[in-house]
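**Q** Next come the chains, spelled out residue by residue.
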Amino acid sequence: SQELEQSPQSLIVQEGKNLTINCTSSKTLYGLYWYKQKYGEGLIFLMMLQKGGEEKSHEKITAKLDEKKQQSSLHITASQPSHAGIYLCGADLLRSGSRLTFGEGTQLTVNP
Amino acid sequence: NAGVTQTPKFQVLKTGQSMTLQCAQDMNHEYMSWYRQDPGMGLRLIHYSVGAGITDQGEVPNGYNVSRSTTEDFPLRLLSAAPSQTSVYFCASSLGTSAYNEQFFGPGTRLTVL
Chain A
1 SQELEQSPQS LIVQEGKNLT INCTSSKTLY GLYWYKQKYG EGLIFLMMLQ
51 KGGEEKSHEK ITAKLDEKKQ QSSLHITASQ PSHAGIYLCG ADLLRSGSRL
101 TFGEGTQLTV NP
Chain B
1 NAGVTQTPKF QVLKTGQSMT LQCAQDMNHE YMSWYRQDPG MGLRLIHYSV
51 GAGITDQGEV PNGYNVSRST TEDFPLRLLS AAPSQTSVYF CASSLGTSAY
101 NEQFFGPGTR LTVL
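Those protein sequences? They're chains A and B, same order as listed. Here the first sequence is numbered in my numbering, starting from 1 and rising by one per residue. Here the second sequence is numbered in my numbering, starting from 1 and rising by one per residue.
Honestly, the hints are just simulated from the structure, not real lab data. No incorrect hints appear here.
Some chain B residues near chain A, calculated using beta-carbon distances under 10 Å:
hint	residue
1	Gln37
2	Leu43
3	Gln103
Derived CB-CB ranges, DEER-like:
hint	chain 1	residue 1	chain 2	residue 2	range
4	B	Ser84	A	Ser57	37 to 45 Å
5	B	Gly16	A	Glu3	31 to 39 Å
6	B	Met19	A	Gln50	31 to 39 Å
In this text the structure is predicted, and so the values were computed from the model without any measurement. C-beta: ideal position from N, C-alpha, C; glycine also.
Based on the provided sequences and hints, a complete structural model is requested.
**A** Take a look at the structure:
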C-alpha cells in the first residue's frame with residue numbers, strides 16, 4: 001500500500017467549479033510538497049508546507065496542512081483549463097531532510 | 001539558465017544492455033536526485049546526492065549506479081537493463097543539502113527495455 005494516499009485518483013470538473021484534492025499519510029509528515037505535472041513533462045513546484053495548520057496560496061490554488069490528521073488538501077477555486085494536469089503530493093516521512101515519498105497523483109481534467 | 005536538463009528524451013534498450021542517463025543542472029545546486037515514475041506507483045526515489053562525491057540510496061536503488069564527480073552532473077547508470085526498468089526517469093535538484101527546498105525537475109527520459 002502507498003504510504004501517501006491521494007484522493008481522488010482522477011477528477012473531471014467544469015470550468016469555473018471549485019475542487020479539492022487530498023493527500024493522506026500513514027506516517028508523520030515532516031514536510032509536504034505539492035507538484036503539478038503536465039503529461040509527458042517534468043514536475044512543477046507549487047507549494048511546500050512544514051508546520052501544522054500552515055496554509056499557503058498561489059493565485060487560485062490553496063494548500064493546507066493538518067498535522068494531527070497527517071493530511072494535506074489542495075483546493076482550486078474557479079478552475080480553468082490551464083489547471084488541468086496531474087497533481088502530486090510528496091512528503092518527508094523519514095525525517096531525513098533528503099528523501100521524499102510521493103503519492104500516485106490525481107489526474108485533473110477541466111472541461112471548458 | 002537552462003535549469004535541469006536530461007538526455008536522452010527517449011531510449012529503447014534490449015535486455016542486458018547498459019546505458020547512462022545524463023542529468024545536468026546549471027543552478028549550482030548541491031542536492032540532486034533520480035526518480036522513476038511508473039503507473040500506479042507514483043514517483044520513487046532511486047539515488048540521491050547531497051554534494052560532489054557524496055551519494056546515497058533511495059527507495060529502489062537495485063540495478064542502478066550513480067556517481068557525482070561535479071556539482072553540475074549526476075548521471076544514472078543501468079549496468080544490465082531489465083524489462084522491469086521500463087519507466088520514465090526524472091532528475092531533480094534543489095538548493096541546499098536537503099529536499100526541504102523547492103526541487104526543480106528535468107523533463108524526463110522515457111526508457112523502454114525490450
